[in-house]
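Could you put together the complete structure from these sequences and hints?
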Amino acid sequence: MATAALHEGGSRPSNVFTRHDLKGDTVLDCDVVIVGSGAGGAPVAAELAEAGYDVIVLEEGSYYQTRDFTANTSQMVRQLYRDGGASIAIGNPPIMFQEGRAVGGSTVINGGMSWRTPENILARWRDEAGLDDLTAHSLEPYFERVEKRIHVAPMDHDAIGRDNWLLKKGADAKGWETLGNLRNQAHCVGSNRCAFGCPTGAKQSALVSYIPRALHFGARVYADVSVQRITMHGKRATGVIGSVRTDDGAKHEIVVRAKLVVSSCGAIQTPALLARSGLTSRSGMLGQNLSLHPNVKVVALFDEDVSGWQGAHQAFQVREFADEGLGCFAAVNLPASIVAMSVPHRGKQLGQFMDQYNQMVVAGLLCEDTTTGHVKVINGRPQAFYNLAEHDAHNIQRGLVLLAELLFAAGAKRLLLPFHHAQELTSADEAHRVLSAPIPTKGWEVVTVHMMGTAKMGSDRTTAVTDGYGFMHDVDRLLISDASVFPSPCRVNPMETIMALATRSAGHIIDNARRYLG
Amino acid sequence: MIAFAPPARPSPFPSPLALRLEQMPMHELEHVFVRGVTPDLDQLVGWEFRGINHLPFNALRIGELLGIKKFVKGFYRAEDGRVMGYNIPVGRNALDGRWHLKPSDSEPKRWGFFEVAAVDPTARDNDYLHAVLLDYGKGDNPKLDPSQNLRDYLVQVDPKNPDMYLGKASYALGPLRVPAGFFILERHRVGLTDYVRR
Amino acid sequence: MTYHHTPTTRAVLDSLVPVICPPEAVPYRDAIVADMALQFEVVPPIVQRALGLGFVTYDLGALPRYFKRARALQGDQAEAYFHSWEEGFTPLHVQFARVINQLMSLSCYEQPAMMERVGYRPAAWIEKVTKKRLTVFADDVRKQDAQILAPDPLRPAMKKEVA
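Chains as they are written, first to last, in the numbering used here: chain A, 1003 to 1520; chain B, 349 to 546; chain C, 7 to 169.
Don't take every hint at face value.
[To be verified] List time: in silico DSSO-like cross-link candidates among lysine-lysine, alpha-carbon distance up to 27 Å:
| hint | chain 1 | residue 1 | chain 2 | residue 2 |
| --- | --- | --- | --- | --- |
| 1 | A | 1378 | A | 1444 |
| 2 | B | 486 | B | 450 |
| 3 | C | 138 | A | 1170 |
| 4 | C | 137 | A | 1150 |
| 5 | C | 74 | A | 1150 |
| 6 | B | 491 | B | 457 |
| 7 | A | 1444 | A | 1171 |
| 8 | C | 137 | C | 149 |
| 9 | A | 1253 | A | 1350 |
| 10 | A | 1025 | A | 1253 |
| 11 | B | 508 | B | 450 |
| 12 | A | 1444 | A | 1176 |
| 13 | C | 74 | A | 1350 |
| 14 | C | 149 | A | 1150 |
| 15 | C | 149 | C | 138 |
Hint data in this document are derived by calculation from the structure and do not stem from the laboratory.
Only a predicted model underlies this, so the values are computations on that prediction, with no experimental measurement involved.
Below you can see the structure in the form of structure tokens.
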């Protein structure tokens, strides 16, 4: 039984293949080939496999099981993150982003927040992109199905760490709306290793939910495969060509022939794959429209023991200002090494600062961006470009003032801001004073894990890359199933939206099997 | 697709929309064409449509000079189940005047037959996957009939209006496709549902 | 492992440990520098080359002022020279200093002794809570696992149709 293997250290499922298994050039045939095994690809794989179709999933990253996720943070980052987590969107300021690269995709390294697409976002997508079918009502069955599959549930009370209780205390003192996070977890016990692979098996990432399900119904997963391009016959996608590097350093080609090709590589890699395949969009929007949900964090120091690492990652979200473009505030404990990396201190000052690690609350805010960037493909590799809009910069600065107020209301004594050369704050009034004037963005430390929009959906092929189900306009049998298809930022953590749209697309394929798989 | 309820009596004259399309420059017509939707073949079969050609250099009135500005296209289902179509010549008169089929409305000359089918993305003629292809090469036309080199794409201009279509014509010279302008189709009268060519 | 520090890179990193890491981390210099090699291995080749070039430039850039390479600087001189890069003749200087500071700080606090010093003990915590999950919540865990594999077709009435 696949799940037993994942949780209890059993052997690798027989229909998972890695670079250790591939001895030479390989040609495979199937009904559906899916490139990418994360939130967009894994649900499609599971649904179509259960419907009786022969599904192959190709994943660039490696296959890990729950027992492989350890407390060694930098090792986990090297194994699970593309480019060691050092991907950067060039711009003012440069924005660091992370993409998961492992079977299960970015769901293996995300925090697991699971929210339905807000109704006003769906309304925007209907109005701007002509997607009349995207209503809360029509998507309800898909949201429900996803939530059941990945066990979306509120946190167990005693799995919530002190840092999150302090966040809530501050928000309550301010009278701000706070929600308990819904996360894809079955009794998360607060190991706080979500971003480095859940070592307890509680987080129901695609790795431990949709992928085992797909395998159970006959899908095959090939890990360590880097897909170079999609093969075409005229305007019909007919498969993919990739390569795998074996242990002896040799490179072998893997060709998959399929009736339907699904690209689920994410908003940075999907446009790159399509560009390498010679595919363009009449709309000119392929690779454009990149939105990021830029976020910044502060480090607050308290006089009490917090030990935020003993408790769940992000148990609450403060949503008071969501309608003003500040999607949420949250407490996100980081391992000691990541905190050390992200503060400007060094030497003795770094040591003194880090000695207070267990008194820290690391809190962040997420901004719903109003501008977009783009992904350019250079020598076959994607490079993201994005300049933070002045409006969003002002909004983030305002958000920092509010977050500072919250943390000082919770009892924080000092606060470190996400700017180079920023002074430490000791009060909310100081936050108001310091942040009252615009701070040049070039010194900001901005990060993101939500990349969206680079193959946006829409009914008008002159302005959109894909149709309302994610099928690429003017190409036959090519589905894009990941956050690239979002017409705009979704304001909330995108995983559940991606999974619901993927499930809906799978249903559409099954309903029109002759057209897509005949 | 919603089942089409034919109008009690289509107008015999071109609509303002048809006349507006006729006046549009090529690049705007291309824009309209690309934004069109796939025609439902059941909405075409058994009907004849008023046609207006929008040839390159439209302002020079080449269509009028050649006597092909106005025409009729009809659609029917062949014995083998394929959807087929034909052309009917129309007398010259003002663009907004009546369509007089030649030699007569009751017994028109049908020529330039074509097959109507979804665009095959793997075939040579795959420029517009959202259109249907009117392939004169599969129309069993006489060997020396030059019309058999025509390849037309057809879209429905507005998903809410099943009476208006826009076509984009090209002429096949081996593997080459020479653009031959656009044409506008508007529902005209009941045609032949089943037609057996003799 | 495909990446190895060049002698220049290693020497510069060795010299920067006392500048970037806190004094209590200096005994772990070798482990910190070795950990950085693991980090460099996974960055794109173009970034590796840029870093390599950066280290060479950093090393030689100290010559005009100190008449010795940066790798040989110690104490206040090493501190002052690194600071001059942080303040930056060019944005590239600033960015290089920032990146090295970040990566070395990361490697520093990946050392078990440094984690222990700040009271971060994730391994023991993970073991404790994992045991809790698989005992206290065993039934629910089994139910979720079973649900993942239970038949639940998206379109119950449909069978596979292939031309």
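Evaluated hints:
1. Distance hint between residue 1378 of chain A and residue 1444 of chain A is fulfilled; the C-alpha atoms sit about 22 Å from each other, no more than 27 Å.
2. A distance of roughly 24 Å separates the Cα atoms of residue 486 of chain B and residue 450 of chain B; the hinted pair therefore holds under the 27 Å criterion.
3. Proximity of residue 138 of chain C to residue 1170 of chain A is assessed by CA-CA distance (about 26 Å); at most 27 Å being required, the pair is judged to hold.
4. As the CA atoms of residue 137 of chain C and residue 1150 of chain A are separated by approximately 25 Å, the hinted pair is consistent with the 27 Å bound.
5. Proximity of residue 74 of chain C to residue 1150 of chain A is assessed by CA-CA distance (about 65 Å); at most 27 Å being required, the pair is judged violated.
6. Simply put, residue 491 of chain B and residue 457 of chain B have alpha-carbon atoms about 18 Å apart, close enough for the 27 Å limit, and the pair holds.
7. Proposed proximity of residue 1444 of chain A and residue 1171 of chain A is contradicted: the alpha carbons are some 33 Å apart, above 27 Å.
8. With a C-alpha separation of about 17 Å, the suggested pairing of residue 137 of chain C with residue 149 of chain C holds against the 27 Å cut-off.
9. With a CA separation close to 47 Å, the supplied pair residue 1253 of chain A and residue 1350 of chain A exceeds the 27 Å bound.
10. With a C-alpha separation of about 10 Å, the suggested pair residue 1025 of chain A and residue 1253 of chain A falls inside the 27 Å cut-off, and the hint holds.
11. A C-alpha spacing of about 32 Å is found between residue 508 of chain B and residue 450 of chain B, which places the hinted pair above 27 Å, so the restraint is violated.
12. Taking the CA atoms of residue 1444 of chain A and residue 1176 of chain A, the gap is about 31 Å. The hint is violated against a cut of 27 Å.
13. For the given pair, residue 74 of chain C sits about 25 Å from residue 1350 of chain A by alpha-carbon distance, which is consistent with the 27 Å threshold.
14. As the CA atoms of residue 149 of chain C and residue 1150 of chain A are separated by approximately 12 Å, the hinted pair is consistent with the 27 Å bound.
15. Restraint check: the Cα-Cα separation between residue 149 of chain C and residue 138 of chain C comes to about 17 Å, which is no more than 27 Å; the hinted pair holds.
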